[in-house]
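Student: Generate the whole structure from the sequences, applying the supplied hints.
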Amino acid sequence: MDATGETNSEKRADIRERDVFLFSHPRTASNLLCRLLSDQPGWIQSEYHFFDAYQFIRKSFNWGPITGITNEQRQKFEDLLQRGFVELQQVRAATKAEGKRLFVKNHAYHLWEPSSFSQHIWGGADALPFTPLPYRNTDGLASTITTNPTFLPDEFLTSFLPIFLIRHPALTFESWYGAEIRTGATKVFDKSVAHFTSFRYCRQLYDWFASNDAGFAYRKEGSSNPAYPSTPIIIDADDIIEERSLVKLCDLCNMDASFLRYKWDIERPPEEELKLDHRLSTFMGALWASTSIDKSKTSRGIDMPVKYSQWKDEFGTVVADELYALVEGAMSDYTYLKDRKL
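Here the sequence shown stands for residues 1182 to 1523, numbered as in the working numbering.
The set of hints was computed from the structure by calculation and includes no laboratory data.
Keep in mind that this is a model prediction, so the values were computed, not measured.
Certain hints may be false.
[To be verified] No more than 27 Å apart at the CA atoms, straight line, and that leaves these computed lysine-lysine pairs for DSSO-like:
1) Lys1488 / Lys1522
2) Lys1519 / Lys1372
3) Lys1368 / Lys1522
4) Lys1240 / Lys1429
Tutor: Okay, structure coming up:
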């Protein structure tokens, strides 16, 4: 029993009834995971609530230093962030009204406090922090207290069961770059795209959750580390593809493993939709064309010298060198998270 009078079993029961927040990263098989969980009874999925805000910044000044944007750009960005948060809260309220639970997915860096995000990429002078988005809890009280690295209030984040999805950086960055160059010119060594080739955002947010013990569902077996008394869930894409942890994940989220969806039909989105959003079809095409899990997509037996040689053939030596360096630079964060996975 803790200071609030709750027993550990009561905390466990509470966490198993929470909505789920999947903190993802591009090309980590998050769309596959959502597909596998899409038939869960009593659940609704919702995703990418801050994508419009992210795209506005990307298109208006390509994620250049925040210190260089105009007041109008900053206000538009803040308005889009607020709109996304309102949308997310409305979806959550509607889901609850139906007596269902919500499975939310957003890339971790989409949620990052913008001035901190810019500082990490560009350095230089500190920018004025963005105002935390207000959250009205179930008691009707507004909260803007934010000690976490995102622009979302602490109370909002800790009301979810957090799941972090990771994948070997070589496969993640290779897949991202290959998709990006099919949508237009992308320079892998451009600072403005550095967030695509880093797991630091997932790691920092994971550490924040782990240090703010809110009775999370998963205690790593045999763990006696007092710094991580109970931890958020981390799942590796390999374990999704090879179906090693899906049943356990369902149990921790209070889902029904018998409703895991292992087969589906090929998707053919409307041609007009594809013409309007070529980027979407480029990033989603492989999943749309599939009917089941492609088990060749794991990192099992990965050989980096062989991978580097493949990159040279496909992308050229300059890009291959940069991809290799980026993978090496990301391995410490990836390994840190992998050591704590489900």
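Student: Run the distance test for Lys1368 versus Lys1522: straight-line Cα separation, threshold 27 Å.
Tutor: Given that 27 Å is the threshold and the Cα spacing comes to 32 Å, the pair is violated.
Student: Quick one, are Lys1519 and Lys1372 close enough, alpha carbons at most 27 Å?
Tutor: Roughly 26 Å separates the two Cα atoms, so the pair holds.
Student: Verify the proposed pairing of Lys1488 with Lys1522, using a straight-line Cα cut of 27 Å.
Tutor: Answer holds: Lys1488 to Lys1522 is near 25 Å, not above 27 Å.
Student: Does Lys1429 lie within 27 Å of Lys1240 when you go C-alpha to C-alpha?
Tutor: 41 Å, violated
This entry does not satisfy hints 3 and 4, going by the numbered hints stated previously.
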